[in-house]
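Trainee: Protein chains in written order, with my numbering: chain A, 27 to 262; chain B, 27 to 262.
No lab work stands behind these hints, which were simulated from the structure alone.
As the structure is a prediction and not an experimental result, all values here were calculated from the model.
There may be inaccurate statements among the hints.
Identical copies look the same in the list; a pair holds intra-copy or inter-copy alike.
In silico DSSO-like links for lysine-lysine, alpha-carbon gap of 27 Å or less [claimed, not checked]:
id, residue 1, residue 2
1, Lys249, Lys55
2, Lys164, Lys249
3, Lys190, Lys79
4, Lys176, Lys249
5, Lys176, Lys55
6, Lys55, Lys164
7, Lys55, Lys79
8, Lys55, Lys184
9, Lys69, Lys79
10, Lys176, Lys164
11, Lys69, Lys195
12, Lys69, Lys184
13, Lys249, Lys79
14, Lys164, Lys195
15, Lys176, Lys79
16, Lys176, Lys69
There are 2 protein chains.
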Amino acid sequence: MLELWELGGEGNCRYSTFCWRTRLALHHKGLPFAIHPVAVSDKAAIGFSGQTKVPILRHEDRMVTDSWAIALYLEREFPDRPSLFSGAVGETLTQVFNVWTDRELIPALVPYLMRDVLDCVADADAAHLRAQIESGFKRSLEELVGERPKALPAFRRKLQPVRKALDQKQFLGGSQPTYADYVLFGVLQWARVVSRVEVLEAGDAVSAWFERVLDLYDGVGRKELSRTERLRETAA
Amino acid sequence: MLELWELGGEGNCRYSTFCWRTRLALHHKGLPFAIHPVAVSDKAAIGFSGQTKVPILRHEDRMVTDSWAIALYLEREFPDRPSLFSGAVGETLTQVFNVWTDRELIPALVPYLMRDVLDCVADADAAHLRAQIESGFKRSLEELVGERPKALPAFRRKLQPVRKALDQKQFLGGSQPTYADYVLFGVLQWARVVSRVEVLEAGDAVSAWFERVLDLYDGVGRKELSRTERLRETAA
């Protein structure tokens, strides 16, 4: 029995970039799992884990935290299921890609869309997130929104290495998705769920790839409503 | 019969970052090959190839240019030899890594050490290289040297994704080297051959890895004298 604790916002939306990595990794392995949403400010809900961050995976009596550690755990524990890395070269280069995404891609995008997140979570969570980001970036969320017109083109430029590969390939795994696809997907899915901002330009090979990943595993990514779709539902 | 045309400088030194990628790929495949050094300003020497850049690989009656195209060619043409990518996931992630190296790592290091290259090549080549870099960066080589104290720490920070992997693994291929190792090696070998500047700090996991790659294939990387070693020989 596998259980996943992941961030949940208002209207039960799932916006955590790290939890999406784990969610798709579990689907990739074809493993059934139960999901428990946790509000970002609700440390008590995950107090059992001995730490304060999601995703958390419970497998029988074992607890694994950190999306990269979970990916390694799933790969070792379920070797007969489809591989997340396809061997040692894939695993090491995926680790490089994972750290690059965390250090380069996320800071290039997340702060500039963070103001939008406050409208997707309960008030206590909004206060918590604002304090966290503003102390990290030493600017108000509103100042960060002001920098958005410059930030988006810079973010798109950073995607050039993956764009070059996706000009030729269906996925970062070649003709089939691999864990690196889920790492990148998590960034863009976060943006899709929290903000109406168009992060990618029309015609971008990365955009076409994102649509393909949204369709994977019976469309689990696409079934999660985008911010635009949620606002439309509220208005109707 | 395989023949490789690569950049050669004074004292027959081999300093091209791209040519080192190809050289180690040929060793990885265990293929015998002949090497022809070409001076950077001597287009006539490679006129036969119909273009102006090295590396160039000739295999029987076929000519392949561009280090990435050569890697793909070797992988397809010699499938029974040790793989450069270990499958589709490795190939696509290596392509991402290759483009990232060209777009992020090389511009973060090469211009700041470029002044040193002029002392490693003939006068005509030095004039050619100076014009090329100064027009690209819109600054004199001497101005770029002035920025070096800031550039080196920025370069080291960019290596953090590979450093995290190399903290745990012997090579980017895991326990064995893969083409991605040769891509990164090419950058640091370029620096070692052209400049006395210590690009990495002592104790850096990337530095320990670089020493391992210098030793591969009977020490082909290490047999190429560093700038410091060449100056010592001249002084002796």
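Trainee: Now tell me, hint by hint, if it's right for this structure.
Mentor: Checked hints:
1. With identical chains, the CA atoms of Lys249 and Lys55 are at most 27 Å apart within one copy only, with a shortest distance of 20 Å there and 46 Å across copies.
2. For a Cα distance limit of 27 Å, the shortest separation of Lys164 from Lys249 qualifies neither inside one copy, at 35 Å, nor across copies, at 49 Å.
3. Taking identical chains as interchangeable, the C-alpha atoms of Lys190 and Lys79 lie at most 27 Å apart only when they sit on different chains, with a minimum of 21 Å there against 34 Å within one chain.
4. Taking identical chains as interchangeable, the C-alpha atoms of Lys176 and Lys249 are never at most 27 Å apart, the minima being 31 Å within one chain and 47 Å between chains.
5. Taking the closest pair of Cα atoms, Lys176 and Lys55 never come within 27 Å of each other, the shortest separation being 39 Å inside a single copy and 45 Å across copies.
6. For the identical chains of this complex, Lys55 and Lys164 are neighbours neither inside a copy (40 Å) nor across copies (51 Å), given an alpha-carbon limit of 27 Å.
7. For a Cα distance limit of 27 Å, the shortest separation of Lys55 from Lys79 inside one copy, 23 Å, qualifies, whereas the shortest one across copies, 45 Å, does not.
8. For a Cα distance limit of 27 Å, the shortest separation of Lys55 from Lys184 qualifies neither inside one copy, at 30 Å, nor across copies, at 32 Å.
9. In this assembly of identical chains, the alpha carbons of Lys69 and Lys79 lie at most 27 Å apart only when taken from the same copy (8 Å versus 58 Å across copies).
10. In this assembly of identical chains, Lys176 and Lys164 lie within 27 Å of each other by CA distance both inside one copy and across copies; the values are 18 Å within and 23 Å between.
11. In this homomeric assembly, Lys69 and Lys195 never come within 27 Å of each other (Cα to Cα): the closest approach is 41 Å inside a single copy and 34 Å across copies.
12. In this homomeric assembly, Lys69 and Lys184 never come within 27 Å of each other (Cα to Cα): the closest approach is 34 Å inside a single copy and 34 Å across copies.
13. With identical chains, the CA atoms of Lys249 and Lys79 are at most 27 Å apart within one copy only, with a shortest distance of 25 Å there and 49 Å across copies.
14. In this homomeric assembly, Lys164 and Lys195 never come within 27 Å of each other (Cα to Cα): the closest approach is 39 Å inside a single copy and 36 Å across copies.
15. Taking the shortest alpha-carbon separations for Lys176 and Lys79, neither the intra-copy value of 31 Å nor the inter-copy value of 35 Å comes in at or below 27 Å.
16. In this assembly of identical chains, the alpha carbons of Lys176 and Lys69 never lie at most 27 Å apart, being 35 Å within a copy and 41 Å across copies at closest.
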